[in-house]
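> Keeping their order, the protein sequence lines are chains A and B.
Per the numbering used here, residue 11 is the first one in the first sequence, and the count goes up by one each step.
Per the numbering used here, residue 11 is the first one in the second sequence, and the count goes up by one each step.
Careful, some of the hints might be misleading.
In this list, chains with the same sequence are indistinguishable; a pair is considered to hold if it fits within one copy or across any two.
Stated by the list, open to error - Once the Cα atoms are required to be at most 27 Å apart in a straight line, the calculated DSSO-like pairs of lysine-lysine come out as:
id: 1; residue 1: 192; residue 2: 122
id: 2; residue 1: 85; residue 2: 192
id: 3; residue 1: 192; residue 2: 253
id: 4; residue 1: 85; residue 2: 122
Hints are computed from structural coordinates only; laboratory data are not their basis.
Protein chains: 2
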Amino acid sequence: MGGDLGPAVVLSAVLSVLREDPLLSVDLFGDEHQLAGMMASAGLSVSGDHRLTIHHAPDAVDMTDSPVHALRHKKHSSMRMALERLQSGQASACLSAGNTGALVLMGHHLLKTLPGVERAAMCTLLPSPDGHTFLLDVGATVEVTPALLLQHAKLGTAMARHLDGCTRPRVGLLNVGVEAGKGPMLMCDADALLRACADIEYRGFVEGNDLFAGTVEVVVTDGFTGNIALKASEGAARLVSIKVADYVRRHPLLGLLAGILRPLLKGLKSELDPESFNGACLLGLQGVVVKSHGASSERGMAQSLRLAARLGRSSLISDGMKVVV
Amino acid sequence: MGGDLGPAVVLSAVLSVLREDPLLSVDLFGDEHQLAGMMASAGLSVSGDHRLTIHHAPDAVDMTDSPVHALRHKKHSSMRMALERLQSGQASACLSAGNTGALVLMGHHLLKTLPGVERAAMCTLLPSPDGHTFLLDVGATVEVTPALLLQHAKLGTAMARHLDGCTRPRVGLLNVGVEAGKGPMLMCDADALLRACADIEYRGFVEGNDLFAGTVEVVVTDGFTGNIALKASEGAARLVSIKVADYVRRHPLLGLLAGILRPLLKGLKSELDPESFNGACLLGLQGVVVKSHGASSERGMAQSLRLAARLGRSSLISDGMKVVV
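Build the full structure now, drawing on both the sequences and the hints.
Structure below.
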């Protein structure tokens, strides 16, 4: 159990999702004494709710730990113990807000990849005008091959089917232009490979702006480009809100009206909130692993937990066994 | 003379910048008859203004032309003729809204690179909370080496000095994490090279969100990643405005107030408008070449022309001769 905001945020997100989802049960891994203290001060007892079990994890993967160090030396960390619970079949999904690199390496080590998948991809949901776009990879594997991009295209297709019920999601390959022959050799080779695959609805190259345009349901790229595109977009959106807030501050009339408009603006804010899309899924492993943003608020953490529960109940993994071979 | 919006937009942007800048003169390359007709219908005569000269370019580079085709077969295109005017020293800067790939190839062919620069980089300005960030490369060279990234870091430094008067601009290298050793081998090698260079104020790796955060003044990356990060950010910002407009439509009270607030909102819009940052500079050539967005409005085109004029008057190129050796 990790996350930059500490265990209190995680605990309260868990309690709130347990309340809304009566069939869910959660195993929480972390510092038992700290968690018990928090429960007590909130007037709750662990034994009172059989759907929440706290497991003591004496160790923790730090954000600065190298993935290899974490794999070798953090055998009793909350991250590893949660993955082991998934591996043993005692859990249907694993959620972590910790060190991404360590989660990717431990996930591969403990769960193994699906047949036909060389490396997993981190898949995230981005908002579009009428729904959302699945982007993968956003950081699990920075150096890729055309064959791996094809595997990820199939995984993204499976994800869009399971989460959105989209029977034939359109797939695009992220590039610097839409014309064939554009961009690096790697992308041209991958384009040829995806074009020849009948299992996916491949629509050719797409550009950065297509991530938010609803042009396709699935966008495939390497983990380096995907990670930077995702964070650049978050940065641009954040700057817009800083500039809006600044502008309101400088114009007293807007400030006055803001009071009246607050309830309406709150609704708008929640529609635009990136937290409502929080939670990336580590796709291609033999188990559902969801990664929540390290700096998540309670709302973002709860959203990730709902995603983990939903994917854990779906047949994504068993279908994945067939999809990618 | 190109651009998706046609010559009318270019012409009216040129006329408006000529009015505000009494020392500027412009050579316009395009279809002479079409341009003369437009001037006449606007009640203007070319001979009436000695600061505007129209040159007939019988040919045009199409957006679908391959760069090699354009270089070989479009010798009388407006793009080539404008670059030749710069090459001959009869112009101080060249502005184009046409095919980027063709402009990059023709620019290299006609102007050559500065001593010590293997390939030029397309450098753009992004807004940040208190100023802006120079991002390069956003699409001139998709496959790079650590040595080229170092050359681009020096070019970006020169650009920030000339445009912002920043004596020691901070430089960051775009990556998937800030810790040393993260990301692909290429970026780690480039990190070592930049760290060893005393001519730049290198601050190590930065992430996608730093593009809009003001963490550093110059961000260096390859043309593939830079292009996608730029377009993804534009896509995210555009989606925010679509969602806001949608929300206003669904809430009549907001619609009513929008009427009252219009003048204030217009001011905000202009602060957020990406057009006000329009214009990327092809840095590293022996001449100032500015690229305007193909889909630019008159406002965006005028902004690019102001940038071209400003850089054409600066000592960017003569200083570049010394900076990068």
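> Enumerate the violated hints, using their earlier numbering and listing them in ascending order.
3
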